[in-house]
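Below are the chains, spelled out letter by letter.
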Amino acid sequence: MNIPVLASKLYIPVPRTKVVFRPRLIERMNEGLERKLTLVSASAGFGKTTLVGQWADGCDRAVAWLSLDERDNDSTRFFLHLIAAVQSIAESVGKSAFTAFESSQSPPIESVLTVLLNEISALQFKIVLVLDDYHLIDSERIDDALLFLLEHLPPQMHLVIATREDPQLPLGRLRARGHLTELRDIDLRFTPEEAAAFLHQAIGVDLTADERVALESRTEGWIAGLQLAALSMQGREDIPAFIRAFSGDNRYIVDYLAEEVLQRQPEPIRRFLLQTSILDRLHGPLCDAVTGQAEGNVRLSDLEKGNFFIVPLDDRRQWYRYHHLFADVLSAHLKAEQPDQIGSLHRRASIWYERNGSADDAIRHALAAKDFTRAADLIEQACPTMAKLRQEATLLRWLKALPDELVRRRPVLSVWYAGALLTFGKSEGVEERLRDAESGLESTAELHERPDIRSASAVKIFVDEAEYRRLPGSIAMYRSALALMTGHVIDAMNYARLVLNLMPKEAYLKRGAASALLGLTSWTSGSLDEAYRLFADGMADVQQGGYISDAIGGTNALADIRIVQGRLRQAMSLYERGLQLSIEYGDPVMRGTADMYVGMGEIHRERNDLQTAMQLLLKSEEQGEHTGFPQYRYRWHVAMARIREAQGDLLSALDHLDEAERFYVGDLFPNVRPVAAMRAKVLIAQGKLREALEWARAHGLTARDELSYLREFEHITLARLLLARFRSDREHSFLQEAIGLLERLRQAAEEGERTGSAIEIMIVTALAHQMNGDTPAALGSLERALTLAEPEGYFRIFVDEGQPMEVLLGAASKKGLAPKEYVGRLLEAFVRIEGKTSAQPAANHSLLEPLSERERDVLRMLRTELSGPDIARELMVSLNTLRTHTRRIYDKLGVNNRRAAVRRSEELDLL
Amino acid sequence: MSETQRSTESRHDEYYEIRIKGHLDARWADWFEGMSLTREGDGTTVLYGPVADQAALHGMLRKTRDLGLALVSVIQKKKETNL
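Chain order of the listed sequences is A and B. Under full-length UniProt numbering, the first sequence has 286 at position 286, and the numbering climbs by one with no breaks. Under full-length UniProt numbering, the second sequence has 3 at position 3, and the numbering climbs by one with no breaks.
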């Protein structure tokens, strides 16, 4: 688990003592179960938690509870706890969702929620989820996810939100549709009867009617006010005088009463209350450590019995918290009375937490104490664990809370800082941090040389000795990654070599990463065999170090390299091995699995087994996005686009390429097939030459460019563009330019042993010669391509060229060109997809399987602006049924999203 | 917040007057950083002072919410020295 789940956050705070039973509100909450959401939205001190806790205790459904705090604005933490809460009452729920969080730092929330909601909808019983203190959430991401949850809420589940401010949900809409039950200030404030019952319970004395009215009108039924008033009256001789004075006073009720209450406490208790107000959770030994008193446990238990604004956080009464409002009041008093104490109180809390193994709390209190040296030490010790758990976001937050000059003086922290920045793809500031670390190293080296000054100025600049000794290697590694990220390949290579020299053999991860980085630099510069060898070495180390998922992810690079080299078989067995690894280690699904399916699909597509290719892509989608690496979505859409292209559906191919572009995140892999170029290739096939020309201009491509592996695909595509222009304008210079460019490309590809590229280049060359009327040259080029492609089972690379290639292959067949049997099979592929090889065949044929009447209705709705849930309501079906319909429509239309479905239905004139 | 910081920031600060119901004790002045606190004869309290930006203003309103204070008005003011 990335973040430990705090059981105390899941505890239902069932009031133990002196609570007024509120049947009218309980009844409304019970009725609310019929709806989706119960919103308890009221100001501080209106008894929200007490009411909901009381209701939950007597509710005949299983209730999951989550008490939120500020740190839950980290959406990972929020959802981990949310899932854990549901799991506490429904064991079968949440395992895959947890895995999603384990395998990825921030998996797409919607995909995690979908898994979770599906599991909930399989439950045989009904559940309630309570989110308490939702006002502490100030995160658009979480608000959006909550709305998603509500919109897809299965009938088995009801949601309760308790908050001091209305949540960012479309409440008007929910209200209008009858999905919402609301309890607000006016509902929650004590009625005169409830107030009377409460006061009777609390002070054991019956007040006169006048006195009660006086109290009620002064507090306006505000429960916190009445509770404070009751505390102030306990054991008082002259209650009437107290009430008179109180009701005649203008002061903020809490100020007036808290002072009364605090003044009447014995000094040790008063001190205890004030000093422990710095804690967000109260625990006997922790309170003792902070206050320097003993018997914190007894005090806490007494406070609970005395109804002293204290909320239990577990069954065994080990952890409590103050009511938030009361804690604020106490800490205001603390600030006013003992301002110079606050730092040392926090420091003591920090020490206690450190000794009791909670680094997170220890760091938080050290920062609050402004004891930055201590905080820095703690953070430095926590870094390796945080990095392994991929909690770089928290790490970065801590580091930013420290004074920068302190971080800069500490080499180990500076290097962690640089590493955390790089994990977020940020290059800015990295080099600066690494330089800081180096100068830290130098200054200690100086100290070692001059022992005379060593003792005099022995300022500690690190605590993690092992990490410190490895710093030169770590610095070199991050420099290498930075250089590669910013396009300085030679530097990247040199630094990666340095890492291998500096790092000990057992530093598997870092050595492996360095080898892989070297492999990437070779790849970027086009030395593919070397790239493969280095990257494979690196992955072996990484796997040895136990980072299986990263090793699986590395398969993407290895297979990509093999594909460029024209070794489809090897690429396929790499994916199979990756999948094998993920099955061996995965429980249930390892990250990287989804990528393997995409890769395998891509090879099946090339071999013209489009059905299997499609199945593999769907299978990868079923695994869930969280089982893919960051580039997964991009890869998926590219693979899908190419399948659509093979099916002759160029519009849909373009849609997928647009999506791919959206999901592309720059990583350290060289971007050798830029989406823009793939798009241009499709545009050329569509005859949209003007747009394709714009692409070539925007990317500064000309036939006279110097060639490099990185731009190879762009240049091949440029050659295609030149041929298309020749075809439309009959301007001979275009053809000559294309042939010249292709010849140079072929030489470069052959020199670099990029057989995969060479095959495509020869194919385009053959088409160019054919256009030029030079059939012998065309067949010569084609024959070479065929010879290289046959052993690896290439298909689409020929067939995608459409009719001109069919003609050429026909000629080859007549001439008995070798390999004969292969030519025959390729020609068959054209026959099988007859009518599909023209540029826009999709528009010319109607659906194989016609749409049903109901599906037409749905399709009509899809053409409107209505959202999914709106359509479901309009058609009076459940969202699930609607999804089944749309899925079937998409299948029949051969599309994958709403926009494409609409477009396709217009093309086919279906409505 | 130190004095020096205040003086460098104040050029950009907006001034606000936040009126709440009830007389608030002086010890809360520290809670609403940098605001002066005046108890008015009508039983309200006025918090007045510089507010760095909208986020800071909302943070301040959130504090009144967390204390269960009833908000009466929030008014943007010209800085007093300019009056």
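Please note that a few of the clues may not be correct.
[What the hints assert, rightly or not] Heads up, simulated DSS-like pairs for lysine-lysine below, C-alpha to C-alpha not over 27 Å straight-line: (1) B:Lys21 to A:Lys335; (2) B:Lys63 to A:Lys400; (3) A:Lys370 to B:Lys63; (4) B:Lys63 to A:Lys9; (5) B:Lys21 to B:Lys77; (6) B:Lys21 to B:Lys78; (7) A:Lys126 to A:Lys36; (8) B:Lys78 to A:Lys335.
Since the hints were derived computationally from the structure, they do not count as laboratory data.
- Query: Taking each numbered hint in turn, which are not upheld by the structure, reported in ascending numerical order?
  - Reply: Per hint list: single violation, 8.
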